[in-house]
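K.L.:
Each chain, written out:
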Amino acid sequence: MRRVMGHEKRTWRAVSLGAIAGVAGIMALGAAVAPSLAAEGETELKHVDWSFSGPFGMYNNAQLQRGYQVYKTVCANCHSMDLVSFRNLGEPGGPEFSEAAVKALAESVQVTDGPNDKGEMFKRPGRPSDRFPTPFPNEEAARAASGGAYPPDLSVMAKAREGGADYLYSLLTGYEEPPAGVEMSPGMFYNTAFPGHQIAMPPPLSDGVVPYTDDTEQTVENYAKDVSAFLMWAAEPKLEQRHTLGHRVILFLFVFAIIMFLAKKAVWKRVNKDHPPSTA
Amino acid sequence: MAHSTTDDHDDDVNRRDVILIAAGGFAAVGGAAALWPLVDQMNPDASAEALASIDVDLAPVKEGQAITVMWRGKPIFIRHRTAKEVEEANAVDLSELPDPLARNPNVDGAAPATDANRTAEGKEPWLIMIGICTHLGCIPKGQAPGDNKGEYGGWFCPCHGSQYDTAGRIRKGPAPENLWIPPYAFTSDTTIKIG
Amino acid sequence: MADLGHPSTYRPTTKLGEWFDARLPVARMMHNQFVDYPTPRNLNYWWTFGGILVVCLAIQIVTGIVLAMHYVASPDEAFNSVEFIMRDVNWGWFLRYTHAVGASMFFVAVYIHTFRGLYYGSYKAPREILWMLGVLILLLMIATAFMGYSLPWGQMSFWAVTVITNLFSSIDMVVPGLGTSLVQWIWGGYAVGGPTLTRLFALHYLLPFVIAGVVMLHIWALHMPGNNNPSGIEVKTKGDTVPFHPYYTIKDGFALVVFLLIFFALVFYAPNYLGHPDNYIPADPLQTPPHIVPEWYFLPFYAILRAIPNKLMGVIALFGAIAILFFVPWLDRSKVRSTSYRPIYRWFFWLFVLDCLMLGYLGSQTPEGIHLILSQLGTIYYFGFFLVIMPLVGIFETPRPRPGSITESVLGRTAPPDRTANPAARPEVVK
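Protein chains in written order, with the numbering used here: chain A, 1 to 280; chain B, 281 to 475; chain C, 476 to 906.
Bear in mind the hints are in silico, worked out from the structure with no lab data behind them. Take the hints with a grain of salt, since some may be wrong.
Unchecked claim - Covered, in the sense of this in silico footprint (three residues per stretch, anywhere, with C-beta under 8 Å from a C-beta of chain A), are these stretches of chain B:
(1) 293–300
(2) 303–312
(3) 327–336
Even for Gly, the Cβ is constructed at its ideal location relative to N, Cα and C.
Using the sequences and the accompanying hints, generate a full structural model.
P.N.:
Listed below in structure tokens is the structure:
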């Protein structure tokens with residue numbers, strides 16, 4: 001009987017080592033798939049302690065509301081966000097504007113609709129069900145207005161870049177004078193976070209450019225933080241529901257695993273009595 | 281008190297049964313919880329739900345004019361009727377109607393199909409109906425100025441010849457019911473919210 | 476199916492059950508194969524991954540079908556339809572993330588399951604066909620996963636398809652023009668585009684059901700000789716086994732719950748961890764991403780492909796790396812099944828595991844400098860393990876003494892001395 005226990009212990013050791021190796025393997029491979037930034041010329045990535053980081057992360061409503069204001073005032077002039085609708089601004093887990101505020105924000109923009117009975121496209125005030133309007137009718141118009149570079153859509157930008165919100169924040173606060181000896185191509189700006197360090201977008205933020213209605217200091221740093229958080233929400237509007245449900249599911253599975261372990265032990269306890277090992 | 285092996289065995293069996301029942305319970309709860317998203321994902325999605333209610337501005341619709349708006353994928357006929365059309369609707373004897381019910385969720389289910397029961401109080405010139413023939417689902421003619429409105433001056437369904445009067449009630453033809461009224465309410469003197 | 480060793484113990488409990496049993500004995504078959512089935516009593520937790528894999532396949536099929544209710548397989552709509560699922564479809568984010576993480580977990584399980592087979596000699600006679608069916612399942616999984624990854628039509632989706640389908644053009648080096656024709660036939664055009672996407676979707680939906688069929692053959696092929704076990708000694712008596720239910724149903728169930736715990740920890744807390752940010756950029760045929768990388772489970776093969784400078788040889792090495800698995804039952808010349816009793820071979824085995832992990836890491840790096848050299852060494856060892864180590868070590872190694880039976884390995888008791896001529900067959904006390 002003792003030898004059977006010893007066999008189990010060996011199995012446990014192997015399994016635990018295997019599990020640790022497996023988890024370490026998954027983490028190593030996960031880290032490995034991240035492109036090596038060193039190859040890009042040492043871009044700088046600043047780290048912010050976001051309210052939504054980690055398994056227990058949640059968004060901050062006020063920050064997302066300020067972030068939306070920054071997006072609308074500054075970024076929306078060139079960047080579309082065509083996967084987000086006005087109604088999303090009022091849904092739980094986001095900026096959570098009131099229903100009236102959402103309606104007002106929607107009505108403050110003109111949206112293209114149609115064709116009408118005459119076959120013409122026309123403009124009308126937005127409704128909550130509308131998507132955010134695009135600043136340009138198509139990519140070519142966007143490029144023409146931006147010196148040939150295309151301001152990408154921002155709907156999933158926070159997930160489309162290594163570093164996520166940290167990268168976006170680093171980019172927005174990364175505009176500097178080019179170091180000595182660096183030749184800038186015409187129309188480009190030096191940025192510490194952008195791969196290759198030359199970006200076509202002029203620095204979009206400056207102190208005081210967005211009038212906040214609360215008492216948050218109107219600095220580039222705060223604008224960058226708030227709009228990066230907003231972009232994270234735009235990319236992952238379901239983060240809060242995901243985390244909350246996650247706590248419940250993981251707790252459930254953890255308890256379930258313990259019960260199953262006890263069940264396995266209970267079933268196997270009498271295995272040698274009910275099914276004697278024998279060479280007969 | 282000495283425990284015999286039989287007592288131990290019984291204790292083991294009891295303990296094992298309790299644990300197995302708990303395990304089975306967890307499996308059942310987990311299974312049901314996992315099943316729900318698979319079912320619910322087929323329900324209307326958030327963007328469809330967002331269009332579940334629409335606001336319509338009636339100010340541009342002059343007397344005698346009609347507009348059609350889309351609500352939940354269905355055409356909604358909105359006609360700003362003339363006094364004559366309202367009069368004609370009121371003059372009809374209810375016993376002549378093939379379908380005596382108002383078909384209006386905004387009033388009682390058993391309400392008779394009077395013109396008053398098919399419009400909002402104080403807003404009798406406004407007739408708002410779901411523009412789908414109650415026979416087999418075609419969209420009746422009668423909204424555009426040049427359309428054939430049928431014998432009763434309302435709407436005419438070209439598919440199988442159903443004829444509706446100025447209150448959208450079936451008068452002749454194979455359709456079994458009056459044109460249905462959608463749930464709606466006036467949110468101001470000139471705007472309605474449908475749904 | 477294999478001998479139960481005793482008449483079937485299935486007794487229908489209802490009249491309806493009897494009626495059915497006389498006409499289509501499905502319940503009897505389930506009972507014989509999964510309830511009353513004699514299974515070696517000494518299986519360890521590495522044996523739970525077969526059951527886990529069946530559940531993984533079911534999860535992928537079920538989540539895949541519901542996702543297909545909302546997905547649109549057109550280059551203009553695909554990316555946005557996936558985002559529509561994530562944002563507007565009820566529970567859409569949960570279904571999508573489960574399907575994406577599920578693909579990774581499916582490969583974690585299949586790699587563990589395969590390495591278990593390699594370690595314990597589960598491929599040896601009479602289980603050769605069982606093993607080859609397994610390799611076929613792996614091949615089908617690789618094809619399915621590759622096609623599935625293309626569907627969101629992100630940058631990585633598009634360019635992975637472009638790169639991998641372009642590999643076939645290397646056939647031009649053997650038969651001029653044939654490779655290019657083949658690639659255009661695959662694409663349905665002169666470049667990857669709409670026709671490519673729609674056919675990838677159709678085949679991605681089809682293949683999992685083919686996998687399910689091959690899995691049934693795989694289980695059938697397993698149940699003919701019965702399961703292998705950690706000692707590698709075949710079942711000799713009834714006392715060597717226990718019925719599958721309740722012993723292995725509960726053990727597999729426990730292992731499954733632990734597996735799901737890891738699975739859903741990823742889904743809920745780090746759903747994009749194993750993915751690549753570039754796939755959240757809509758596909759742009761005019762802009763190649765700076766580093767095209769496949770999903771992590773393809774990285775070792777990707778490293779092998781890029782280790783060889785010649786395009787055609789690289790492609791042959793890539794397919795060879797999977798094809799060679801088919802021949803393992805005949806490459807390994809050892810008379811001993813389980814590596815537990817093969818002290819020399821064991822070192823080479825674990826070195827092979829490390830080699831695969833190293834190649835996996837190298838697959839994510841650019842193939843130059845030290846990375847390229849290590850990839851080449853890793854590739855040499857990969858093929859050397861199968862073509863050189865397996866046959867030679869098998870022939871020349873002196874194995875440790877094996878127990879006489881499963882029962883003996885479980886009880887650790889000495890058997891009466893065996894006076895057969897072959898000293899290696901004499902069982903001794905084993906821990």
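K.L.:
All the hints need checking, so say for each whether the structure fits it.
P.N.:
Cross-check of the supplied hints:
1. 293–300: holds (count 4)
2. 303–312: holds (count 5)
3. 327–336: This one holds; 4 residues, not fewer than the three required, reach chain A with a Cβ under 8 Å.
Checked against the numbered hints listed earlier, the structure breaks none of them; every hint is satisfied.
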